[in-house]
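Asker: So the sequence lines, in the order shown, correspond to chains A and B.
So the first sequence is numbered by my numbering: it starts at 1 and just counts up by one.
So the second sequence is numbered by my numbering: it starts at 354 and just counts up by one.
In short, the hints are calculated from the structure, not lab data.
Only pairs whose alpha carbons sit at most 20 angstroms apart, straight line, appear in this in silico EDC-like list of lysine to aspartate or glutamate:
1. B:K441 / A:E199
2. B:K441 / A:D335
3. B:K445 / A:D198
4. B:K445 / A:E199
5. B:K441 / A:D198
6. B:K407 / B:D475
7. B:K445 / A:D335
Predicted, not measured: the structure shown is a model, and the values here were computed from it.
One-letter residues, chain by chain:
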Amino acid sequence: MNAIEIPQVARARAGITGRERRNLLIAALIFIVAGFVPLILGGYALQLAISITMYTALATSWLLFSGPTNYIALSTAAFFGIGMYTAAGGIDLVPYPLLIVAAGLGGAALAAIVGLATLRVSGVYFVIFSLGLAELVRQIMTWLQHVLGTMSGLYVTIERDEPEYYWQLLALTAAVFLVGWWIGRSRLGFALRIIGNDEVVAVHCGINTARAKVILFVISSMFAAVAGALVAPRWGYVEPVVAFSPFVSFQVVIMALLGGTHRLWGPLVGAIPFVLVWELIAINFPNQTTLLLGVCFLLIVYVIPNGIVGLIEDAMNRRAKLGGSAPGPLQRVLDASTASVRNILQRRKSHNV
Amino acid sequence: MDIVIIGLLLGGTYALMAMGLQLQYGVARIMNLANGEILIAGAFSTFWFYASTKASPLFALLLVAPAAFVLNWAIYRTLIFPLVRRAKSQGKLEVDSILATFGISFIAVGILLAIFGGEYLDYSYLAQPIFIFGERYGLNRVVAFLGSAVLCAGLYLWLHKTRAGLALRAVSVSPSSAALVSINVARASALAFALGGAVTAVGGGLLSMFLTFDVSLGVVFTLKALVIVILGGVGDIRGTIVASFILGFAETAVASLIDPGLTLAAAYILFMLVLLVRPEGLFGRRTA
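Take these sequences, add in the hints, and give me the full structure.
Answerer: Right under this line is the structure:
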């Protein structure tokens, strides 16, 4: 047991490793190159690029929480809608940048309430709660508008052109990636991976599991709300049925699963082909979108459970003749420590301590 | 008084759909997020039967139940069982089955949209008043309630008095121990899943006698059934029935005192309370 290597963790404490610096540089370069897209593309192609960026931001922020913990959150639409409504409701009263902050805070507040209520108990309850959250918020919004006597829809009118939306969403995506990378190498991220591996073990390691889960859920939902606030003016008109459409949650989960949920860049790999294929489906079969979305979903769950990233990694491993997937150093530490705590627990149980 | 009786009638009808989910989640251990769509399919089939034959919708249920049974059995064998076999742990199975049934629910919505379209469907059957304690109530609500009560009682007796029912209850307590006493767990789970689907579809047929449906409502009914099952305690039929009445009252009270659009909020408040106060449900056993 003393033979556990902990190179990555030890160095993470000391600072950024050479490999991490290289990865950061590559990521920064990709974002800079992506920043030039609106200068080359225009019209329809740019619209697709905006859509891809938005879904990448949403799916990656979904992954921040659901990836390591294996808690499937079906609530993206609720937070996205709240962001939209914050932007739409305050557009005539408050300057727009403030509204974006407000949307993030609002999303975070709701996520904190939901998380505190549901994340302390079994994961299934959280999934169920998140499933209906969008519908719940929609009902409350509709009711509030009815009571306050306002119109059911709201107009969001500020002048913005397409490249601006793109750049804003790109900045958001970059922020999500940066936060995700930072969490991945922090104690919090480590704690979450242990929770995902075995929650009982995590508790016995002295991790405050509920706190870790709530913090991550809040961060993840905040990004979804900000994304909603950013695209609200592009939609122009916001009403409950559209803003809280459950489709958004569904698509985000599909894209993340398609890409692969065990790497931060998985959702990016999933979002690009999905948005393009989806565009084709929506044009050619406008009446069967729901059905085809369900079929896509099942195909992903049954045929490629580890996503595209999983396929790529398998292929690379096979080429390297490693046989099976080789866990990285961090994963090795994680597996070893999980196994040893599990052993201790089992021994205790058999001695009836 | 109004609220009490309408809540009672509504809750009684909810009991049947929640029993269906209870069988699927409590026995077969599949968190079926497509449950609401099965309910909608039952309601729509009943509507279609009534519209084309003009015979009592109660007869439609005789067709809906076996059809739903076969359909759900097929879903379990082809889609869910491979997941059960592939799962390394209960947690992994839970994630997989949630994702798979979520996908199935969207496919079901797509198929229902293609067949019936996106409009609201309702029909008027037995829309004459009946007087209880001097107040008027729809006869259709009373009939639906009675139908549900008879079926719930039958199901309860079947689970508690027959050998097959005993096997199902054993699987619900512990699948691995049930296998030790030579219960075919795979078959019992498939049976429970199929039976649960049939019961839910019949519940949908009964609800369609007095509620208006459209395709997108499936998820709302899934949530209601889930809240009932969790409130009552997973694996406990008595709890499910009691919880159905609680939800029926809560919804009716909110709908008539505050706003009819807030019924889901009522269910969610109950859900929150259960999670905060008694996460194992009213009759549930606290698991270590």
